[in-house]
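Those protein sequence lines, which keep their order, are chains C and L. Residues 4 to 168, numbered by our numbering, are exactly what the first sequence covers, in order. Residues 4 to 168, numbered by our numbering, are exactly what the second sequence covers, in order.
Calculated directly from the structure, the hints in this document are not laboratory data. Bear in mind that the values here come from a model prediction, so they are computed numbers and not experimental data. Please note that the accuracy of each hint is not assured.
What the hints assert, rightly or not - Listed next, the stretches of chain L that the computed footprint assigns to chain C, with coverage defined by at least 3 CB atoms under 8 Å from CB atoms of chain C: (1) 53-64; (2) 85-96; (3) 109-121; (4) 124-130.
Claimed, not checked - Covered stretches of chain C (in silico footprint by chain L; criterion: 3 or more residues with CB under 8 Å from a CB of chain L, positions within the stretch not fixed): (5) 37-43; (6) 49-61; (7) 98-107; (8) 115-123; (9) 127-138; (10) 146-156.
Unchecked claim - Cβ-to-Cβ under 10 Å is the rule here; a few derived chain L residues that face chain C: (11) VAL74; (12) ALA75; (13) TRP105; (14) PRO137; (15) ALA149; (16) ALA150.
From the three backbone atoms N, C-alpha and C, an ideal C-beta is built for every residue, glycine too.
Protein chains: 2
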Amino acid sequence: MTKSGPYDGGMEWLEASTENCPVQRTLDVVGEKWTLLILRDAVNGVRRFDDFRRHIGLSEAVLSDRLRKLVAAGILKTVPYREPGSRSRNEYRLTRKGWDLWPVLMALSQWGQLHALGPEGPLLDLRHADCDAPVRVVVECCADHAALAPGDVTVRLGSGAHARS
Amino acid sequence: MTKSGPYDGGMEWLEASTENCPVQRTLDVVGEKWTLLILRDAVNGVRRFDDFRRHIGLSEAVLSDRLRKLVAAGILKTVPYREPGSRSRNEYRLTRKGWDLWPVLMALSQWGQLHALGPEGPLLDLRHADCDAPVRVVVECCADHAALAPGDVTVRLGSGAHARS
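Hey, can you work out the whole structure from these sequences and the hints?
Okay, here's the thing in structure tokens:
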């Protein structure tokens, strides 16, 4: 990324407080491995407590805690269902806010496919439903939609930057 | 995402082992909050031990451990430097494999800007160096570069999928 000397106002990255860093704020909510694996399963259609527990290999206590936090954060919502002969239970569905984490999961998956996979290949094969071509995650310019490399991006401190105390 | 009933070969997502899930493999390497915050700082030009430590607010022990793991994983590399009058020390630079995590950090940042920021605004303002338009992370089709929503993507089990034991 391109940084032309000091940022606006003369403050440097190292002098800026990270209290309102959006990466940090996101990790405060979902920056825990089990939480991200629950979201991976949710994106792939898993909705029920026992399915999450068995598929991810989580204890009931940890899964309950992480689901509760994701519901409290508005990333999952509970929807009641009832199997014949059973009591009503809740299943967990992604909200719009939850689906907005899809690019995070796709970016994690892309790096894993590139750098951390064995010869057996990946678990999933994701394709554009319209044309069956593979999909990928890119950083692009909002104006002309060109895929960008880190060197194409200028970084300045933003409106919320303030000095570290 | 679109799943047309059972995946290839009749195996469902819930029946597939996640042992070779690329999301999981990536999180095995970088799926820890401090690790991702170290990478955030590295992407923003931080290279020296004391700068990471002060800016992120990490103990020396935790920082040493995380840097060592990132070097062992080939995500950071050490490059010696020497300040006048001091002994030679190492600084930490992202490798190509490390820069490939840039879309992960950008996706985390994008979600945080959308859903977790206060009124003061974000810490950084990232723009296309060529045209000064904001940048964004999208999932796109490799063939026609259209930005995709989850509903536009077909998910099948991949070549490496095998049943859970």
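Comparing the hints with the structure gives:
With 4 residues carrying a beta carbon less than 8 Å from a beta carbon of chain C, the segment 53-64 of chain L meets the three-residue requirement, and the given coverage holds. Coverage of the segment 85-96 of chain L by chain C is violated [criterion: at least 3 residues with CB-CB distance below 8 Å; count 0]. Given a C-beta distance limit of less than 8 Å, the hint that chain C covers the segment 109-121 of chain L holds, as 13 residues qualify and 3 suffice. Coverage of a stretch by a chain is defined here by at least three residues with a beta carbon nearer than 8 Å to that chain's beta carbons; for the segment 124-130 of chain L and chain C the count is 7, and the condition holds.
With a cut-off of 8 Å between beta carbons, the segment 37-43 of chain C has 3 residues touching chain L; three or more are needed, and the interface restraint holds. For the segment 49-61 of chain C, the assignment as covered by chain L holds, since 5 residues bring a beta-carbon within under 8 Å of that chain's beta-carbons and 3 suffice. For the segment 98-107 of chain C, the stated coverage by chain L is satisfied: 7 residues place a CB nearer than 8 Å to a CB of that chain, which reaches the threshold of 3. With a cut-off of 8 Å between beta carbons, the segment 115-123 of chain C has 8 residues touching chain L; three or more are needed, and the interface restraint holds.
For a cut-off of 8 Å, the count of residues in the segment 127-138 of chain C with a CB near a CB of chain L stands at 12, and the three-residue condition holds. Figure legend: the segment 146-156 of chain C, annotated as covered by chain L; annotation consistent (10 residues with Cβ-Cβ distances under 8 Å, at least 3 required). Interface restraint check for VAL74 of chain L: the shortest CB-CB distance to chain C comes to about 15 Å, outside 10 Å, so the restraint is violated. Because the beta carbon of ALA75 of chain L sits about 13 Å from the nearest beta carbon in chain C, more than 10 Å, this interface hint is broken.
The criterion of a C-beta within 10 Å of any C-beta in chain C is met by TRP105 of chain L, whose closest approach is roughly 5 Å, and the hint holds. Annotation: PRO137 of chain L was flagged as interfacial toward chain C, and the flag holds, the nearest CB pair being 5 Å apart, inside 10 Å. Residue-level restraint check for ALA149 of chain L holds (minimum Cβ-Cβ distance to chain C is 8 Å; threshold 10 Å). Look at ALA150 of chain L: its Cβ gets to within about 8 Å of chain C, closer than 10 Å, so that hint holds up.
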